[in-house]
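I would like the entire structure built from these sequences, with the hints used as guidance.
Each chain, written out:
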Amino acid sequence: MTQDLRYSALKKTPFHSRTSLASRTNKYYNWNGYTVPTEYSTTELEYTAARNGTSVMDLTPMGKYEITGDHAHQFVDYLVTRDLSKMKDNTVAYIIWCNEDGKVIDDGTIFKFSSTKFMLCCAVKIYNWLNDSAYGFDVTITDVTDTIAALAIQGPTSCSTLKKFGATDLEALKPFEMREYKIDGFDILISRTGFTGDLGYELWTDPKNAETTWDNIEIAGKELKLRPFGMYALEMTRIEAGFIQTNTDFMAAEDSLRPTRMRSPYEIGMGWLVHLNKNSYFVGKKALKKEKEENTTERCLVGLDIDGDKPAHGSVIYNSKKEDIGIVTAALWSPIMKKNIALASLKRPYGIKIKENIFAEIYHPEELEYRKIWARCKVVKRQFFNPERRNKVPADLYE
Amino acid sequence: MSGNSSFDAIIIGGGHNGLVCANVLARKNKRVLICEARKECGGMVNNDITNYVPPVTSAVSSSIGGMQINYIPKTTIALSETGQHVRLVGNQHIDHKSISTFSSHDADRFNDFHEKMSKFSKTLGSFMMASPPRIMNNSFSDYFKLFKLGLNVRLLGKKNFNDFARMIGLNIADELEDNFENTLLQGLIAHDSVIGSNLGPRSPGSLINLLYRMAIHNNSLFGGIFQIEGGNDQFTKHLIEKCKSNNVEIKTSASVKNCIIENDCAVGVELNNGEKMYAKKIISNADPRSTYFSLLGSQNLDTDVKRKIKHHRSKGRVAKLILELDKLPSFNNCDDNDLDSRMVIAPSIDYIEETFNPSKFDKLSLEPTLEICIKKDSDQNPKLDIQVQYAPYKTHQGWENIKESYVESIIRIISKYAPNINECIERKKLLTPDDIESEYKVSGGHWHHGEIQIDQLFMMRPIPGASQYKTHLDGLFMCGAGTHPGGGLTGISGKNAAKAVLDDF
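Residue numbers (the working numbering), protein chains in the order written: chain A, 1 to 399; chain B, 1 to 505.
If you're looking for bench data, these hints aren't it; they were derived computationally from the structure. Just to be clear, a hint being listed does not mean it is correct.
[As the list claims (entries may be wrong)] Calculated cross-link-like contacts (lysine to any residue; reagent style SDA-like; alpha-carbon spacing at most 20 Å):
id	chain 1	residue 1	chain 2	residue 2
1	A	Lys86	A	His73
2	B	Lys306	A	Met231
3	A	Lys289	B	Asp264
4	A	Lys286	B	Asn263
What follows is the structure in structure tokens.
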């Protein structure tokens with residue numbers, strides 16, 4: 001029998017036997033060379049599970065890099081714009097990193113095990129960047145993408161699910177903390193992190209343990225509205241949470257062909273992650289300092305509350321004089337907020353000083369014809385959805 | 001800022017560019033300190049490493065208040081195994097005459113060739129003496145400089161312009177074979193095109209190397225080659241005296257460990273013995289790699305800058321063999337005048353290329369090309385100072401294991417031209433690029449602190465973004481041969497760097 005190369009070209013994750021079983025639609029996409037589901041049944045159903053029960057997502061394709069060595073802490077602090085010099089063991093931090101022009105390459109999370117061992121997770125592959133940056137530091141960078149299986153367990157009942165699964169006292173874990181467990185004879189790392197803007201966890205374990213873990217979590221979540229969810233539903237939740245996505249909301253500096261498309265952290269709402277007063281140097285510091293001092297930031301990334309109920313996918317944004325002032329990077333009719341929301345990249349001062357009299361031109365497809373809608377927008381906080389339960393300690397528990 | 005800046009500028013390294021830079025600054029009433037790691041200043045400009053020097057330009061000389069140094073012009077002689085040597089004294093008309101004795105064809109072509117090359121080297125030279133423009137700045141004067149180069153090239157005339165465009169990336173071998181029939185003459189010019197570089201005569205770009213060399217040697221092929229009266233270290237001595245009269249403080253045996261950085265700005269230096277000194281500006285005479293990775297420190301560099309410095313090509317390919325003699329050997333068919341000349345053993349283009357080939361794989365060629373200079377040591381005993389081209393920076397077997405046999409192979413080559421050489425030798429000393437690196441603290445042991453090739457010249461020297469004597473760290477400058485226009489004992493880098501520093505005060 002000849003092998004079908006269309007499938008063998010992509011790798012299967014350690015959860016593939018389970019995710020493919022759960023898939024009713026056979027919809028997959030290529031994420032970092034792995035095939036993973038975009039949708040298991042219907043996106044709306046999966047979204048609802050994420051906001052009302054527990055959703056499970058296969059995160060294995062995420063770029064995962066172990067950084068070890070005597071200079072590991074120093075190196076990580078040098079790599080990213082955020083001041084991590086006081087980062088504690090067993091915590092996680094949200095980070096971005098820039099190139100020498102102070103343009104953002106990617107965002108991700110960094111896990112600190114000890115001052116000599118870290119793990120960096122991000123959406124794309126950055127081994128070369130890490131390796132080149134590490135020149136002169138006593139560190140070893142290891143790509144552990146293939147050797148760590150990862151699951152996102154997100155939603156209001158996620159803590160209860162994981163407790164039933166065997167993670168004792170998990171409710172005491174604070175946001176951005178992590179803890180190592182031994183469950184069914186396997187080491188499992190659980191961190192209170194996620195991409196849905198809700199209560200949620202991420203679970204990291206040996207690929208050999210992947211299938212058992214998936215099965216046991218499914219059993220544990222049976223009464224807690226557990227459902228696997230795919231990329232489409234994740235996209236909905238992350239827009240509601242106001243999280244940015246590389247190469248969607250901004251072009252990664254290392255990927256963009258046109259220099260004018262690169263964005264500084266200040267242009268994508270990540271200025272809060274840049275600590276120019278950090279004692280040591282970090283990649284891009286000089287350029288970012290200059291940008292701040294000379295006030296040359298050109299754009300901003302904002303949240304928009306748009307009139308009507310038609311999502312403004314890819315819409316151009318105008319001022320009252322009908323001048324083009326920006327573009328929508330992600331849009332959604334938010335079921336939980338009952339609002340028409342979007343993330344948009346605008347030319348300053350729009351979005352910063354001028355927040356009113358902004359319009360989106362929406363082309364709404366209706367059976368092979370477009371309805372053109374001129375919708376008024378309001379600039380709002382990008383974090384549209386931010387429930388109290390997200391950061392509550394101890395976390396909410398359900399029976 | 002902690003500590004007080006007792007100096008206006010600290011120069012790390014007392015090579016000739018550092019000394020020139022110090023003098024220019026001191027003459028503008030700046031308090032300057034030079035920290036030299038070795039026991040004495042001068043770097044690679046000394047009687048051991050340097051054989052021949054180009055003349056210092058009047059601009060450099062006047063910037064430090066004039067130099068009282070006598071340059072002695074030297075003839076070049078390409079040795080032939082048959083004794084049919086080619087002698088060239090530099091003035092193209094005289095060269096023409098000497099060439100006509102062995103090829104009237106070549107003699108006819110030589111004038112045209114020399115005139116054309118000279119014109120091109122002048123065009124490049126006008127650009128070489130000033131600081132390179134910085135395109136990113138968007139400043140008028142920078143664009144004007146670039147425009148001027150473009151204009152100069154265009155003003156060469158249509159025919160020359162086309163020729164210039166054709167030749168800029170060309171290899172020297174093709175050009176020579178097109179013009180000359182005598183292999184010895186071809187070999188000699190090819191030798192001068194590639195000496196000190198990592199290129200063979202057939203490597204693309206080897207021609208621009210020759211133009212570069214001509215630009216600093218009076219725009220002449222063989223006319224700008226000198227020795228300094230009393231030895232090449234007179235150059236250094238003179239600069240040190242100037243320093244003294246200009247109140248420049250010189251600290252020798254003061255090896256700098258790193259720059260002291262405060263608020264992302266260089267404010268001082270820390271010596272290996274822990275001593276700290278502060279100044280308003282820090283200037284590094286060290287090579288780019290050492291400047292960035294040791295003085296500045298890789299933890300203070302952007303990733304892209306690290307990549308560029310890592311890729312900066314600075315592996316030396318020239319070894320120095322010094323043979324101390326009890327008497328002069330007799331060179332076949334050479335008179336006293338010839339023995340006072342620059343003697344080159346590079347009999348043909350193919351000979352050089354074959355020498356070059358193994359060096360690409362870090363292997364030795366047992367038939368290297370040689371530039372021989374007969375000097376006298378302090379006891380008036382003769383010695384041969386030999387530049388050995390294409391000695392790899394590192395070898396697979398390790399230099400210490402093969403040094404001796406390598407020296408023997410060089411002597412074997414010389415014995416073809418001077419059969420009694422073996423009887424005359426008292427002592428032998430070989431300085432490999434590796435030795436030069438550790439002795440003079442130059443990464444790769446490269447003469448010019450980095451290859452002179454089109455991608456490492458002008459606005460790209462040493463790397464884009466650091467081409468105007470500024471490093472990526474505020475307050476830290478570079479003045480060494482790694483910067484534009486590069487090596488060759490001209491002092492231009494030192495002078496231009498001083499100007500950049502003064503502009504920054």
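Is the hinted pair Lys306(B) and Met231(A) satisfied, with a Cα-Cα distance of at most 20 Å? violated, 37 Å
Are the Cα positions of Lys289(A) and Asp264(B) separated by 20 Å at most? holds, 10 Å
Take the C-alpha atoms of Lys286(A) and Asn263(B), compute the straight-line distance between them, and say whether it is at most 20 Å. holds, 11 Å
Next pair to validate is Lys86(A) with His73(A); report whether the Cα-Cα distance is within 20 Å. holds, 10 Å
In summary, the structure is inconsistent with hint 2 from the numbered list given earlier, while agreeing with all the others.
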